[in-house]
Every structure is written in C-alpha cells, then in structure tokens.
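Visitor: Start counting the sequence shown at 57; every next residue gets the next number (my numbering).
If you're looking for bench data, these hints aren't it; they were derived computationally from the structure.
Treat the hints loosely; a few may be bogus.
Mimicking EDC-like on lysine to aspartate or glutamate, the simulated pairs with C-alpha atoms at most 16 Å apart in a straight line are [as the list claims (entries may be wrong)]:
id: 1; residue 1: LYS137; residue 2: ASP121
id: 2; residue 1: LYS311; residue 2: GLU244
id: 3; residue 1: LYS179; residue 2: GLU109
id: 4; residue 1: LYS229; residue 2: GLU267
id: 5; residue 1: LYS216; residue 2: GLU324
id: 6; residue 1: LYS229; residue 2: GLU324
id: 7; residue 1: LYS264; residue 2: GLU176
id: 8; residue 1: LYS188; residue 2: GLU107
id: 9; residue 1: LYS148; residue 2: GLU107
id: 10; residue 1: LYS264; residue 2: ASP210
id: 11; residue 1: LYS217; residue 2: GLU324
id: 12; residue 1: LYS264; residue 2: GLU209
id: 13; residue 1: LYS212; residue 2: GLU176
id: 14; residue 1: LYS137; residue 2: ASP210
id: 15; residue 1: LYS311; residue 2: ASP255
id: 16; residue 1: LYS188; residue 2: GLU176
id: 17; residue 1: LYS148; residue 2: GLU109
id: 18; residue 1: LYS241; residue 2: GLU267
id: 19; residue 1: LYS277; residue 2: GLU244
id: 20; residue 1: LYS188; residue 2: GLU267
id: 21; residue 1: LYS212; residue 2: GLU324
id: 22; residue 1: LYS188; residue 2: GLU109
id: 23; residue 1: LYS277; residue 2: ASP255
id: 24; residue 1: LYS180; residue 2: GLU109
Small disclaimer: the values here were computed from a predicted structure and weren't measured.
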Amino acid sequence: MDSFVALKRTDAFLPYSDRNLPDAIQGADIRARFLGLQKLVLSGQKLNVLEKEGGAHFSFHTSADDYFTSLNLLGQGGTGKVDHVFGTFTLKHFARKRIHQGISALRDQKALSVFLNELEIFKKASHRHLAKMVSSYTDPTYVGIIMRPVADEDLKSYLKKRPESDVDRNARKQCIRTFFGCLTKALEYLHANRIHHKDIKPQNILVKNAEIYLTDFGTAKAHGETSRSTSTGRVIEWTPRYGAPEIANQNAHGKPSDIWSMGCVFLEMATVL
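Make a model of the complete structure from these sequences and hints.
Guide: Now the structure itself:
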C-alpha cells in the first residue's frame with residue numbers, strides 16, 4: 057500500500073493489466089491474484105452511468121467503447137485524443153477525451169498524472185464559458201473524460217475561416233466582439249478560484265453555436281488557500297507563440313502569465329475585426 061501511495065496511484069488507475077501493474081507487486085502468483093481480485097472493487101453499474109452528469113468517476117473491467125459511437129476526431133495532443141461520440145443510452149452527443157493506458161507503469165504514470173490533474177480542475181471549476189465534465193472512467197485500455205459541449209471548431213480554425221458573404225463576415229465580427237468579454241470572465245473566474253491555466257491558446261478555446269469555451273486543463277495548476285499562487289521551475293507543456301517571457305526564461309509564473317497568453321489570443325482576434 058505504501059508503494060502505491062508513494063507512486064500517487066489512486067483508485068482512478070484501476071483496472072491494471074500485467075504490463076502496467078507497478079513492480080511493487082512482486083511474484084507471478086501475487087500479481088495474478090491482485091489482477092483477479094481488483095474486479096471486486098470495480099464499478100458494478102451499467103456503463104450508461106457515464107452519460108449522467110455529475111462528474112463521477114467509474115472504473116470498469118470491460119471496455120467503455122461498446123457504449124459510445126465515435127463519429128469523428130475533434131483533436132489530438134501529446135497525451136490523448138478527443139473525439140465526438142454518440143451515447144447509446146441517452147442518445148446525446150458528447151466530446152470524449154481518451155488517454156491510452158496499460159502499456160507500461162512508467163508511461164502510464166506520466167499520462168495519468170495529467171488525467172488526474174484535469175479531473176481535479178474540472179471538479180473545482182464551473183462556469184458558463186468553461187468546458188464541462190459529465191463523467192470520467194478507467195477501463196482496461198483507456199482513461200476517459202466525457203465532456204460538453206461538442207464544439208463546432210476551435211478558435212484557431214474559426215479565425216482562419218473565410219466568410220462566404222458580407223452577412224457571414226459581419227455575423228462573425230459580432231461574435232468575436234462578444235468573445236473578448238466571455239473569455240475575460242472565464243479567466244477572471246479561474247484566477248478568483250486560484251487556478252492557473254498555463255496553456256491558453258486558440259486551440260484550447262472552443263466555439264459552439266456562437267458561444268465560446270475555455271478548455272484543456274491537463275497542465276493547469278490549482279493553488280491551495282494558503283499556498284502561493286505562483287509556480288516555479290521549467291514548464292514542460294507550453295506553446296512559445298502564446299507563452300509569457302517568464303515561462304520562456306524559466307522564472308516564477310502565475311496569473312500574469314495567463315493574462316499575457318490571453319492577450320496574445322486577443323491580438324489575433326482583433327486582426328480579423
């Protein structure tokens with residue numbers, strides 16, 4: 057147990073396979089017994105619970121893929137993919153972010169730490185201009201987050217799109233003018249709740265029916281009430297085009313870094329007005 061705690065292995069990592077079970081569990085017989093007994097603590101509910109909003113996490117010994125129909129790929133990053141899925145129980149549409157697991161204990165530790173961090177932020181943050189988590193799960197192959205909304209596109213593609221008529225052009229300009237205030241309110245909310253996003257860029261901003269949403273909290277940092285609201289050290293995941301100078305110089309960074317990044321986004325938005 058102490059070894060699992062030291063590795064920060066929570067229940068969200070269940071179920072394990074022999075490939076990603078930590079070496080702390082030694083001996084073929086003991087490892088086989090652990091893999092068999094873990095089913096006793098896995099979720100016994102039917103997988104339709106994944107489509108019920110509430111932010112709960114479930115661990116299943118069967119694949120969650122059987123209960124969603126993947127319609128198309130929405131995006132792909134360094135740790136996982138996001139696709140548009142159709143729920144077979146509620147007949148609703150969701151965005152699903154999946155990270156492959158079960159390859160090795162070391163690789164899983166890195167990928168799942170990002171997953172757990174994103175879950176923590178989703179549970180702490182709720183705002184009309186932030187993406188919302190419906191539920192999350194672990195199965196033998198993936199860890200996944202079921203989210204809303206299913207975006208029409210991200211802000212990067214929205215800004216690059218060429219309107220077909222003057223009416224479309226004027227409508228887009230009107231939307232963009234409202235986006236400034238919406239994104240400012242979303243960032244103000246995060247900072248008021250001591251959350252530092254750390255990777256604000258057009259690709260992490262979603263557009264849906266002329267509404268805008270800030271998303272992707274995998275590298276975000278939630279600061280406690282008594283801790284400093286700045287981070288130190290080298291930032292692994294960041295985008296130079298939108299990164300603040302203090303991040304490039306590996307200095308302390310926090311809310312001002314987010315504001316710099318949002319300012320870079322605003323500058324790109326202003327160029328199409």
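Visitor: Does the structure keep LYS229 and GLU324 at a Cα separation of 16 Å or less?
Guide: holds, 13 Å
Visitor: Given the proposed pairing of LYS188 with GLU109, does the C-alpha separation stay at or below 16 Å?
Guide: holds, 9 Å
Visitor: Given the proposed pairing of LYS180 with GLU109, does the C-alpha separation stay at or below 16 Å?
Guide: The given pair, whose Cα atoms are some 15 Å apart, holds under the 16 Å limit.
Visitor: Please work out if LYS216 and GLU324 have their alpha carbons no farther apart than 16 Å.
Guide: Given pair LYS216, GLU324 holds - Cα atoms ~10 Å apart, limit 16 Å.
Visitor: Has the given pair, LYS179 with GLU109, been kept, meaning a C-alpha gap of at most 16 Å?
Guide: holds, 12 Å
Visitor: Could you grab the alpha-carbon distance between LYS212 and GLU324 and see if it respects the 16 Å cut-off?
Guide: With a Cα-Cα distance of about 9 Å, the restraint between LYS212 and GLU324 holds, given a limit of 16 Å.
Visitor: Are LYS264 and GLU176 close enough, with their CA atoms no more than 16 Å apart?
Guide: Not OK: LYS264 and GLU176 at ~24 Å, beyond 16 Å, violated.
Visitor: Verify the proposed pairing of LYS311 with ASP255, using a straight-line Cα cut of 16 Å.
Guide: Holds, at roughly 12 Å.
Visitor: Taking only the CA atoms, is the gap from LYS212 to GLU176 under or equal to 16 Å?
Guide: violated, 27 Å
Visitor: For LYS137 and ASP121, compute the direct alpha-carbon distance and say whether it is at most 16 Å.
Guide: holds, 14 Å
Visitor: Would you mind confirming whether the straight-line C-alpha gap from LYS188 to GLU176 stays at or under 16 Å?
Guide: holds, 12 Å
Visitor: Mind checking the alpha carbons of LYS188 and GLU107 for me, to see if they're no more than 16 Å apart?
Guide: holds, 13 Å
Hints 7 and 13 from the list above are not met by this structure, while the remaining hints are.
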